[in-house]
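**Student:** If you read the sequences in order, they're chains W and P.
Start counting the first sequence at 91; every next residue gets the next number (our numbering).
Start counting the second sequence at 4; every next residue gets the next number (our numbering).
If you are wondering where the hints come from, they were derived from the structure by calculation, not from laboratory data.
Among these hints, one or two may not hold up.
Unchecked claim - Below, simulated BS3-like cross-link-like pairs (lysine-lysine); rule was C-alpha separation at most 30 Å, straight line:
#: 1; chain 1: P; residue 1: Lys233; chain 2: W; residue 2: Lys189
#: 2; chain 1: W; residue 1: Lys309; chain 2: P; residue 2: Lys319
#: 3; chain 1: P; residue 1: Lys347; chain 2: W; residue 2: Lys677
#: 4; chain 1: W; residue 1: Lys521; chain 2: W; residue 2: Lys715
#: 5; chain 1: W; residue 1: Lys440; chain 2: W; residue 2: Lys602
#: 6; chain 1: P; residue 1: Lys347; chain 2: W; residue 2: Lys309
#: 7; chain 1: P; residue 1: Lys319; chain 2: W; residue 2: Lys119
#: 8; chain 1: W; residue 1: Lys309; chain 2: P; residue 2: Lys101
#: 9; chain 1: P; residue 1: Lys514; chain 2: W; residue 2: Lys309
#: 10; chain 1: W; residue 1: Lys102; chain 2: W; residue 2: Lys277
#: 11; chain 1: W; residue 1: Lys532; chain 2: W; residue 2: Lys521
#: 12; chain 1: W; residue 1: Lys715; chain 2: W; residue 2: Lys452
Stated by the list, open to error - Take a look, some chain P residues computed to stay more than 10 Å from chain W by CB distance:
#: 13; residue: Met149
#: 14; residue: Leu316
#: 15; residue: Ser523
#: 16; residue: Gly555
Quick reminder that beta carbons are idealized off the backbone N, C-alpha and C, glycines included.
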Amino acid sequence: MPAKTTARARPKNLRHTLARLLAYMGHAKLSLLVVAVLVSISAVANLVGTYMVRPVVNALEQGRPEDLPGLCIFTAVVYALGMLSALGYTQTMVRAAQKVVYDIRRDLFSHIQRLPLSYFDRTRTGDVMSFFTNDVDTVAEALNNSFANLVQALIQMVGTMIILFVLNWQLTLITVVCDIILACYIKYSGSRSGRFFAAQQNALGSLDGYVEEMVSGQKVVKVFNHEAANVAEFTERNEELRVAGTSAQSYAATMVPATVCIGYANYAIVAVVGAVLAINGMVDVGALASYVVFVRQAAMPINQFTSLGNFLLNALAGAERLFGAMEMEPEVDGGTVTLVPTGERSWAWKIPDGMGVGAYGKLVPVDGDAAAGDAAVVPADVPASASGALAQSTARAADGTVVATGLIPLRGDVRFHDVDFGYVPDTLVLKNLNLFAKPGQKIAFVGSTGAGKTTITNLINRFYEIDGGEITYDGIDVRNIAKADLRRSLGIVLQETHLFTGTIADNIRFGKLDATDEEVRAAAEAACADSFIRRLPQGYDTMVTADGANLSQGQRQLLAIARVAVADPPVLILDEATSSIDTRTEKLIERGMDRIMEGRTTFMIAHRLSTVRNADAIMVLEHGKIIERGTHEQLLALHGEYWELYQGLKELD
Amino acid sequence: MPELRRLLSYMGPYRRDALLGALAVTLETSIELIIPLLMARIIDEGIVERDLGIVFSQGALMLVCALVSLALGLAYARFAARVAMGLGANLRQAEYEKIQTFAFGNIDRYQTSSLVTRLTTDITVIQNAVSNGFRPMIRGPVILLMGLFYACSMNMELAGVFFVVLPALAVALGLITFRVLPLYRTLQASMDDLNGAVQEDLTAMRAVKAYVREDHERNVFAHVNGALGKRSTTTFSTAVLNVPMHQLAMYTTATLVLWIGGNMIVAGRLTVGELTSFMSYVLQIMNSLMMISNVFLLLTRALTSVRRVGEVLDEKPELALPAPDRAIAAVPDGSIEFRHVDFKYSAGAESNVLDDIDLTIPAGATVGILGGTGSGKSSLVQLICRLYDPSAGTVLVGGHDVRDYDLPALRDAVGIVLQNNVLFSGTIRDNLRWGAPEAADSELLHACELACADEFLGRIGGLDGVLGQGGAGVSGGQKQRLCIARTLLKHPRVMIFDDSTSAVDMATDAKIRANLASLSDVTCITIAQRITSVMDADLIVVLNDGRVHACGTHDELLAHDTIYQEIYASQMEHAQAEAAAPADTPAAEGGERDAR
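Just chain W, same shape as in the assembly (with noise of 0.2 Å):
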């Protein structure tokens, strides 16, 4: 992955950013308020044994020798206090980033769990990633060094104006003058160097993405013999971001010098000036020895500050990328019809008390008495029934209409209502799609690839959220039922299986966390892959490494099922399951297959014809829309989109 090799990011919007993580170091408000005592102690401790020098010379000169021995325990004592400040305030800071920076991640891992799908669609794992790599490493190499740093500056440039105001103010004058062109330069270099690193951000953004595609294709490079060719691309890239590096880069390094240039002229002029004053009696030369120690020591914060500022601002932008995340907008759920269980396996959604489901699933109020002689209504008859609610009791709406109360017995009967749906606003992927499956059917989507059929299945279990129309479940619309119940009645088995670090059963577990080893020994037989668990090295126990690179495609889907066969949801979601699996081994894991969808209703999206053809409807979509409809007998009896793919005529892309 690309890499945010920005090297001068600038935060767009720096107070909120501050004040966000303000917010985070307020987690360790007492450890940063310890420190900033201490900081100011050593830094004042500092301060002061560096103006010790003055008292011991004054008192050598006005032969006062007897008091040095006073003063150097003094200095001693002061430093001493500033050396044990400095250990306990380096030792707090530790800890204090480390928390703040522990909370930050878990935050921030927290809040990508709640975001939408399409957020992981347009952002590639790669630049993910670097919100924990890089950004965080920076904003913890910032609170781990430029907190401490920044205050000790602060107080360091502070306290060393003061002290040079009180020993001598008209020279002081002169370090002011001195600081304020500082200022003034450092700001007009930063203006002007954003041209130079803008060269070096498009020379690296140019080689970078043409090192990522290469060596994404390499061993189509190889089989070419075209490495030759390549490394003349890649030199010209090299060679001009090299070119463009070394301006930015030079102009950059031109601020020490230049700070430095301006540090000297300072200490030259008020050199001359003190000695003149001097001579002329109107400062004492102790005064004027340690004031010019202390000139140079002006200076030093603020070099400091430039480069605690760079280092500030980048801090920032990693973490504005950061909290930028966290603001991220997370997936909507609001809704309030619970699962609840009613038996042995047997479960029933629970409509809020004082509400009742409608026609298309509408969740409404009930107008208050819900006459007794309503639950008798056949449920046919009732509105909510349209839409496929199996009623347990009943009432009426404030429109006098009956709706649907207490429990609905699950069952997973599904339909689409003039559903439209687009993952970029204005561009529709479905348009006005109906369809039904009554519990237990099995019901297949055939279609080129971006005809909308996993799309379809990414609806019902509200991966995306539907532009137009409505999803009933059980006759409840979708977005009336809690997400989390909604999608634990759903299995899913996707095409890309992904295994997780850990052992085989913990692999099964994942569909159901509190499964007994026996509970995933019977998933893995109804899933046909008990046999093959029991042949590695550790059975059950056998570690899966990151991707499953150690199990063969067919057992990583044979898993994947068995996944699905001990979470036992009442709704299958097959997404092109068999598709990376040779027709042989498919075979194998048919029945497999078959013994899972037994009796629940069961929506698959096949690549090949042939896994679909026992199913109770097979839908041919085409840009959106179902253009096909029926059993495999009467779609090939009807000559058309789907005979011509059987037949070979046409291939899915």
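Since the structure of chain W is provided, determine the placement of chain P on it from the hints.
**Tutor:** Relative to the frame of chain W, chain P by itself:
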């Protein structure tokens, strides 16, 4: 440090800039150290003697010093930038060239994203370390040495303090570093764990959401997050001990100098001006030590990147090339022979991917390879163009061991259309010319015709049509056909198709095969999922678990081989069912045959 030596060795022509830059910094630093001397003269000779001439001349000298140091600083800025960027460019170049020599086996060991990071971010980290660390790296030691020298020459007795404090400080810093280095290593491991957890979560996001496992993932993350937090605290709390340690040394020195110096002034063996200057040396020397240890920390952080880049640079290309003078420069014909070939991807792997393969394919033959996922089909064909070397046995092409050929010559003669193929950004013409750099448009178009890519060429802008990164802009089936055309342009003696028409419809697939059959003298090897794609090959090889299960023609295999029968049944079942049905549609199987 071997890492440092590596960096130096890649500096190349920029070594001159490094030396000049170092010289500039050294001079600049020396000037900085002269300034306290000038100051001492202003106080001791100017003020005490009331000599304005000395005050002004010394002041003017200071201004000159300021200007000279500005000039030196600007020069240094230029040199340092050239060094840092030049070193980065050289490393990147070397790394990229190294990757070009990688065999498939080497490529497999790295993830693409990891290789990209090593070429981009890691180099940037190194560059930053060099450009930020260059000045203090030179300045620190120079100030230390010169400061000590001046301090000693100013007053040996007073300078004695340094020789007590500095060694003690060195020992203390050494101890801290000694403790911290291994901690950094474990810290890195914790960081890897955290990144691994995030990556796993992100790639499996659909599964996580579908199973409502967000809380489970949060727990997993909390675990690694906590571990990282704890490790970081341990590591950094040890590392920051160097701050109070430095202060202890600096403050001890300052107090001692004040005490001893004060007494010396009382005794008349030291002037006030000297004490003042000496104090500024104390500050400078101690700061220089801080500088050195900061540079050290900066470099430690970059060290990981140097090591990661180093891993790529040190990677040994897996294929041993024959001596150029003994390498066979041309492949005489397209015959292929496998003699007791075993193969596994890494020496440490438990079982072979291919086991005792014996196979003879005459020149010009058409061969089909069938087998389940993971049966070793792709591995088998990749040995022919020597993308990997067998772990035992010999692969011969044109009667010679593939290891005896000049590698580019072999790969020019054996064209392979990879399963996971890619096109690159650029025009269609650019892409096709990968196969034949000098080819005229007419040749390119002819290849497109053979690969049935001419049908859609007009729709994507012809040869001038532009593709995006990774060949974006064409569909899967179109991409496969362009990839075939690209390989055809090499005019190879052996052509290998690794499941390369999977997204092409059957009719077009058949047409491509017919076109290829018209090429004389070319051995064609096709890996396919569809039995119809290989049915009329001269020889069909059925692989199972890395072994040749059966070899023969379609009819022979259908009669005798169980696996072939099963595959046939799994694909033909619906067609046969259809044929048996009274429907008035032609049977799929027949339909496909007709299409031939």
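**Student:** Tell me the hint numbers this structure goes against, listed in increasing order.
**Tutor:** Violated: hint 7 alone.
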